[in-house]
Structures are given as C-alpha cells and as structure tokens.
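Q: The primary structure of each chain is shown beneath.
2 protein chains.
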Amino acid sequence: MARKRLGYQTVWLETPPVIRASAAVGGAWEGRGPAGKDFDLVYQDLILGQDSFEKAERMMLLDACHLALEKAGVAGPPPKVDYFLAGDLLNQIVTTSFSALSLSIPFLGLYGACATFCEALSVGSTLIDGGFADTVLCGAASHNATAERQYRYPTEYGGQRKPYAQTTVTAAGTIVLQSGGEGPRITHVTTGKVVDLGIKDPYNQGAAMAPAAVDTIAVHLSDTGRSADYYDLILTGDLAAFGREMAIKLALERQIVLGKQYRDCGAMIFSDDQNVGAGGSGAGCVAAMTAGYWLSEMARGKYRRMLVVATGALLSPTTFQQGENIPAVAHAVAIEV
Amino acid sequence: MARKRLGYQTVWLETPPVIRASAAVGGAWEGRGPAGKDFDLVYQDLILGQDSFEKAERMMLLDACHLALEKAGVAGPPPKVDYFLAGDLLNQIVTTSFSALSLSIPFLGLYGACATFCEALSVGSTLIDGGFADTVLCGAASHNATAERQYRYPTEYGGQRKPYAQTTVTAAGTIVLQSGGEGPRITHVTTGKVVDLGIKDPYNQGAAMAPAAVDTIAVHLSDTGRSADYYDLILTGDLAAFGREMAIKLALERQIVLGKQYRDCGAMIFSDDQNVGAGGSGAGCVAAMTAGYWLSEMARGKYRRMLVVATGALLSPTTFQQGENIPAVAHAVAIEV
Chain S
1 MARKRLGYQT VWLETPPVIR ASAAVGGAWE GRGPAGKDFD LVYQDLILGQ DSFEKAERMM
61 LLDACHLALE KAGVAGPPPK VDYFLAGDLL NQIVTTSFSA LSLSIPFLGL YGACATFCEA
121 LSVGSTLIDG GFADTVLCGA ASHNATAERQ YRYPTEYGGQ RKPYAQTTVT AAGTIVLQSG
181 GEGPRITHVT TGKVVDLGIK DPYNQGAAMA PAAVDTIAVH LSDTGRSADY YDLILTGDLA
241 AFGREMAIKL ALERQIVLGK QYRDCGAMIF SDDQNVGAGG SGAGCVAAMT AGYWLSEMAR
301 GKYRRMLVVA TGALLSPTTF QQGENIPAVA HAVAIEV
Chain P
1 MARKRLGYQT VWLETPPVIR ASAAVGGAWE GRGPAGKDFD LVYQDLILGQ DSFEKAERMM
61 LLDACHLALE KAGVAGPPPK VDYFLAGDLL NQIVTTSFSA LSLSIPFLGL YGACATFCEA
121 LSVGSTLIDG GFADTVLCGA ASHNATAERQ YRYPTEYGGQ RKPYAQTTVT AAGTIVLQSG
181 GEGPRITHVT TGKVVDLGIK DPYNQGAAMA PAAVDTIAVH LSDTGRSADY YDLILTGDLA
241 AFGREMAIKL ALERQIVLGK QYRDCGAMIF SDDQNVGAGG SGAGCVAAMT AGYWLSEMAR
301 GKYRRMLVVA TGALLSPTTF QQGENIPAVA HAVAIEV
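Keeping their order, the protein sequence lines are chains S and P. According to the working numbering, the first sequence is numbered sequentially starting from 1. According to the working numbering, the second sequence is numbered sequentially starting from 1.
None of these hints come from the bench; they were simulated from the model.
Because identical chains share one entry, a pair is satisfied inside a single copy or across any pair of copies.
The calculated lysine to any residue pairs, modelled on SDA-like cross-linking and capped at a C-alpha distance of 20 Å, are:
| # | residue 1 | residue 2 |
| --- | --- | --- |
| 1 | Lys55 | Asp196 |
| 2 | Lys55 | Gln322 |
| 3 | Lys55 | Gln321 |
| 4 | Lys200 | Arg161 |
| 5 | Lys55 | Ile199 |
| 6 | Lys55 | Leu101 |
| 7 | Lys4 | Glu14 |
| 8 | Lys4 | Gly180 |
| 9 | Lys4 | Asp134 |
| 10 | Lys4 | Ser179 |
| 11 | Lys4 | Val18 |
| 12 | Lys37 | Ala299 |
| 13 | Lys4 | Pro16 |
| 14 | Lys4 | Thr15 |
Using the sequences provided together with the hints, build the complete structure.
A: Rendered as structure tokens:
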C-alpha cells in the first residue's frame, strides 16, 4: 500500500495543506437564506448585467476566484497560483474553462457533478502535500437558470415542480490552499466509488446521492479508525430534506449515528419560508456553504473538526431519457483546526 | 516554489511512475488505419451489440480498462487499483461515470476535452509520486456516433462536412501507472493554461488547439531547459492536417523547430485513402494512439524519449451558438525509457 494511504479509499496528508482563504458568492435568493450573511457578495438578479445566464454564471465563479485570491494575497497579476482546479454543471464545464482562460493559471478541469468542490480540494491537497504546488485555487459553481434549462426545463417555462425536487443553487465557492501558514488544515481525503441503488427519477437526486454519501462516510470512518463523534460537524453536500433523512437511516443500518453533528448544505441554504421544495442542489451549494458559512463558523470557534462530504448525481439528460439509473459519488475531506 | 516544480507550469517526478500496461480499442474504421495493427481489439461495427451508441462507447472504455488491468496483473476482482482517472466527451462525462460504477474503483472524473488523457496521466503521476497511490488506471474515450450528434449533427442526417473538419474517432485508450517495476516512465508533467486565438468555427478545432499545443510545448522546453531535439518523438493529440501545419508555423515564431520528430495523432490515425477530411479528433484519439501504437513503437525500441501533448478544444454547443470563441488547452507528459 502506498505510504500515505489508509485503507482502500482514504489518504492522509503528511503536511496538511492550509485553507489560506475562501470566498462565497450567491444569488439574491441564496443571500436571503440563513447563510447569506457570510457570503462575500450577493447579487441582486440572475443575469448580473451579462447577455446570457451562462456568462452570468462565469462572472460569478470569477468573482469568487478573485475574492479568494485577493484575501490570500496571491492575486497578482499574474496570480501566484500553481493550479486552478474546478468544475461546474454545464455541458463541457464551460463555466470553468472560460474562467480558466481569464485567470491564466495552469488548469485541470474536473467533473464530479455536485461533488466537484471536494474533488478539487482532494486533488489540490495531494498536489501540495506531494511537493508539486505551493498554492492551489479550488472552486465550483452552479446557476439556477443555466442548470434548470439544461437538465429539466427553462425556468421561463414555469413547469410545476415535484414536491421532493431540489432547487439548483445560484452560487460559487472557492478556496485557496497553501503549503504553509495559518488556518484550518485538510488532514484526510476519502475518494468515493460510484454507487447506484436504482433511482431513475432525475427529480429525486437526494435519494440517488444519499447511498453514496453514507458509503463514503462509512469508508472514511473505517479507514481512519475514527467514530462519527470524532467530528463536531459532518456535512453532506446537497441531499436536501428527503435525502438527508434517507442518509440518517442508511447510516444507522451500518451502525453509524448521524446525530446533532450532522448537517446538509442543501437542506440549510434556504429558509423554510422560501418555498424551494426539498432544498438546494448544484455544484455551487456545498462550495458556497463551505467556503462562506461553515469556514466562517469554524473561524468563530464553533467547530474544530469538520468532515465535508460533497455528493454528486452522475446523470445526464441523455442517460435518464434512455432509462438508465442515476449513479452517484461522494468525496470527503476532513478539515481540522 | 514547490520542491518538485520547474518553472510555472512543469513538475518533475522524483520517482517517475512506470507505465506498467496499456490497452487500446477502436472501431472498424480506426482499425483499418495505420495504427490499427497495434490495437488490442477492433470492433466490427459502431453499436457493439448494445441498444445505444452511448452504451457502446461505455463498453469500449470498459474493454480498454479490463484489458489494461489484466495485462498489469491487477484485474482482481476487486481491481487492485487506487484510483480510476478518466474522462470523455459526452455531457457530464457519463461514459466514464458509468464505467466507474462498473469498475468500483475510487474515481476522480476529469474533463479536458481531447486533452483528457494527458490530464489523467498528469494527476495519476503526481498521486503516485506523492505517496498517495501505488496503482492508477488512466483512460479516455470517444465515439463517432455519440460525439457527432452531440456537437454537430447525428451521423444519420448525412450532413455535408467541411473539408477542414475532423472526424471524431471511435476509440479508447488506457494506461496502468505503477510506483515501481519495469516499463517506460513518466518523468515530467506540464499543465496547460487555457488560450484563445479567436477561432469561432466549431469545425475548425485544429486551428483552435494549435496555439495551445505550441504554448505548452514552448513552456515545457523552457521549464525543463530542454531543446525540441531532446525528444525523439513530440506528439500532439489531434490537430490533424491543418492544425498540424499551423502548429509548425507557430512554433517557428517561437524559435522551436518541430521537425521530423513531430507527429500528430489526428493526422495519422486514418490513412489518406479513408476520406475522413482533415483527420481524426476526439478524446479517444490520442489515448488509443499513445496506449496502442506509440507505446508499442517504444517497446520495439524505435523511441526512447517521447513528449505527448494532448490538446483539447473547450467549447460546448451552447458557447458556439452564443457566438463565443473556442478556447483550448494542452497538457504534456514526458515518457522516457
């Protein structure tokens, strides 16, 4: 087994990379939610003065990138960053690719659906701890109007939503990782395997992703020899109301108690009175919630050991139209003070 | 600067990972080309007995994965592999995600368009050299019928092709990297920045990608202090006939002579008499050509130092329909005996 490996899916970071800075931006609707006060920037509309929603999404990711680079003191130009590691939900991750063009940082494009943010932190941590990078910019974004029309219906169509459907979040989150300095550190990374429990309904992504989340949490705890209460916060990406309940039950079947320390970003990004169905989803959800709200909570001293488990539903409109199941993956990073 | 970094975009591998095994599979048309004799498997049709072209593409990638795993002696089950690193051209890289479900190996999904194969080798090399993995499976795939209908027109439509258009290759290539053992080694990795020289025509991807290829080659040579003739083979992914000419000219402007040692996979995968326009393209092109033909040539003693520069056009149908340019990226890996 490789030197820094613990079990089949987890690695430990010998010199844990530091979260040097983070930034979160979001739409007006997300800004009204409980975490909005910790966003660096809240936009007043969905178009951001651009001529397409796609360009608005890109501007949002770029804003989050520039904010984090400035906070970390590596904005340049050129940015003093070794890699830009990011992804989004649009076909061919064009939000990220076009942002990479503007940033002019060596770029590795990632796709893990809504698990992309933790995938970026995973690759970034190993690049730094492996001696290949000093500073890495990680990010993910999603936009309600671009994702809904690509995966479901254009929002202008006004299609009626199923009560268990989630709302794609308009938000982006970024983190600057560095090899040294002050800040919380990424100590362990657990990379998910793709799992499939037979869900076919693309509106029911929480149910598709819950088994992946629980699988990765169980493997992480087993690989590290930790119990769930080692962490004072276990955070899933965007299972939302129903997926969260399912995760708690599936975890219990594996003798893991997801109790008070367990929270889900999708279930928390909107208030109950915002009428968004089961909650939020989208690659920007866990990104903005972690980079904005949870790291701020950590800085306020409320948490010391956080396991972030971003979950992704690996469908495309083509696969579900062809009647295939929705496989899912979850990647976890342990962030400790 | 990080310990294993040379310049802004290149890293060196302290204990260069070994290419333990590779596999290439391709369609009948690709099998008829000059490299076909080195493919492990040539299919007789495009559908492979499946009920959709998408499932055929997935079967092709899985065949290439299983072949390489068997050759490397790590087939399992379960496969003795720490990571599956791969991508493809379909929306949400579903070919790869569904293959990852079947393989049940910890999975990081990548997207770099036709540069994905070198992106996978890059991430895989750093994971191994960083102490995080012993064995990594890298791959990429593309399928003519799935890609053409997603990006251009369904092949059944019979649309007339522009003479400079490239043909998406039906092929997949995989490489098993290991921390030790016998075989050629990956010694350096150069990660590309996204560049854009203003090309807007989605049929002219060779022209969009040539500047990225030359930029990455120039940076690689500058970062490593090597001249172009250090390598007995410099290989671009799929610039094809016109992009290849453009790359030679752009390189000359930077005082780099791409001479006899310079070859392009897209310009070589089909014979001149196969009437495929400018040549081949697609994420499977450089993957199958490298994993099949070029590594076989290396094993036959014809080459000792090879720089593989996979090139990707980072467009989506949405971006070109919205009138945007086609940015591109190129990632390079140095393979040495």
